[in-house]
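Q: So the protein sequences, as listed, match chains A and B.
For the first sequence, the numbering used here gives the first residue as 1, with consecutive numbering after it.
For the second sequence, the numbering used here gives the first residue as 1001, with consecutive numbering after it.
Source of the hints: derived by calculation from the structure; they are not laboratory data.
Don't be surprised by glycine CBs; every beta carbon is placed ideally from N, CA and C.
Warning: the hint list may mix true and false statements.
[To be verified] Chain B is faced by these chain A residues, among others (derived, beta-carbon under 7 Å): (1) 22; (2) 146; (3) 162; (4) 190; (5) 210; (6) 217; (7) 232; (8) 235; (9) 241; (10) 242; (11) 243; (12) 244; (13) 252.
Each chain, written out:
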Amino acid sequence: MYAHASDTLAIRHIDLKVGSFQYPVTVIQGLHAKDSTNAPILISDEKEISYVILNSTDRDQVLFIEDWNWEREIKAGQYATIHFPSPEKGTWVRMNSKDEGESYAGLSTVVGCPLKSDGWFYWNLKSYERGTLERIRRQESFSIPKWPSAFTFNNRGFPQTRKDTLAVVKGHVGDTLHIVVLNSSSSHHSLHFHGYHVRILKSTCRSMEGWLKDTFPLFPGEIKVLELVPHQPGMYPVHDHNLVSVTMDGNYPGGMITMLMIMP
Amino acid sequence: MNKLLTILLLTFGSTLGARTVDFYLASRMDGVHPLYDGHFTNIWGYGFLDPETLSSRISLPAPTLRVRLGDTVNLHFFNPSEEGHTIHLHGLDVDQANDGVPHTSFYVLNGQWATYSFVANHTGNYLYHCHVTTTLHLTMGMYGMLIVDSEKPDELFPGGPKFDREYPLLFSDMERAWNDDYTTGGSFIEFEADHFLVNGLSRQMVYDSAYTHIQTPGNERVLLRLMNIAYSGIRIDLPPGIIGEVHTSDGRELPEPFQTGSLVVYPGERYSMIIDFPRRYVGKIRVTHFDLNGLEELGESIIPINEPSPHPFDESNAIVYPNPSNGVLHFNRLWDIREVELMSSGGKILLQAQPGPDGMDVRQIPPGIYLCRIHYKDGSVQLVKMVQVP
């Protein structure tokens, strides 16, 4: 789930179970979180907010927000109180590890302030290759692999995405629903909505603000904020049209697929 | 074959603009498709279906379906193939039952009929494809274009920009090994396209099709309908000095049209671009496919504009040659032809074939005067008189 100011956050090394294998990844999430999702970090448009963040990994971590030219270091095994600035409502930025390996290993989320809506959701797209993650965990040299094998929304592959309350979009016909999408992976993706067109409210890489689309690209590191006002009820998939990414360990269906559940 | 012409049934309602359009389609897994090097590879796909005889012939891409804004559309779908298939109406925002996703809509199993219905509420460029094991069924060829036209045939959308000529261009790719034998293709994670297709054609074949070789005498506005169903992304580079204006994407008008000489189209996206050619122009549009994992360039296609071609097909040229025949007939617009029938002057069909680059062998036909009935992939038919000499 997402993080509120009252939460203590933790940076962790965990073994992520997706598909048939375990993947050694790095996440930032609530101290008592029982899942493997990177938490989106909510901040206020009215006042500066501070989070206590514990670094429970075996190495120093530098959190980095490129858009704000902002970085904070937390030593291994220590905690720090991190102050976030107060942005405009609707602003979302990516916060990731400044270390390329830890960033590839998944330490990447959004920081921001949602617009008023009838519901908001968060999709953090990430792909992994197990051998590369193992080298990163052992602090060995690595290169970005050509062929990742695990593809996830919020560190879950379909059908496990259906259990994620931030990944499955639930609402009613006529609601205004917002979805914050972050591409944390090193690949390009092309998200396709069944059943609906969405309006792109924010697009950090290729200017598409105001466009109504059913399919759109996501560049590495990009955030898109989407507005969905459903005109019909139904249960529909949303998936990557980079078709390799709707597999998990080579098996279909899997990977980057989630669902829209729209009630009358 | 005449029945194929009746497959697209247009049932007009009581007032113009309130039509019901019925298409009959079949899916098959036994097609073959020519590649630029003369190799024929295996395809699965859709084709028009004769509802009386249940005969069908699939093509890559599947037949383009065209309807008009406001039409009620019924796709009557018969699946005689050994595996289940569906039709997903990509971008049409249909209701859940008609979405073509097996687990949320329904499968169409071997021997079953189904009807997909929707109202065409927005003009624009759409796709249809199978949504069963999509990674495999798409690369095997189960996709096509669906276009919703405006009421006025020369405008992009009601009140929108006008055009004089149009080219729907569907970009796709394949890794030939998968199509040659899908059981030995390997892991999809390692899928690496090695053939790059424009409306199913690759390399020099693109030059020989009236659907992919842009022919404009100038003083025209040419509409390109650009659709990507490939595994890869594509970058479309217009010739130097040529600028297109992009008006719509994914069946919706853009808030502001924009001008560009280069457009990137990701898998599943569609765009409408209008190019103003004030005079006759000769050049090439370059289409570069790139890998989505690292932007590595994988291959390219060239869309010629008024380029010289080894098989010219403008209407002043012969359609069938040589004529009189010396035993082998050649056809221009070769890659646009679905089938050729050679008939006696009394209308009896003597030969029926899909000609290839080596032509159509008619040596067994005695000297005389015959009719060639040429069936094109867009459903049009052309009759040409042919003389066979001793």
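Q: If you check each hint against the structure, which ones fail?
A: 1 and 3
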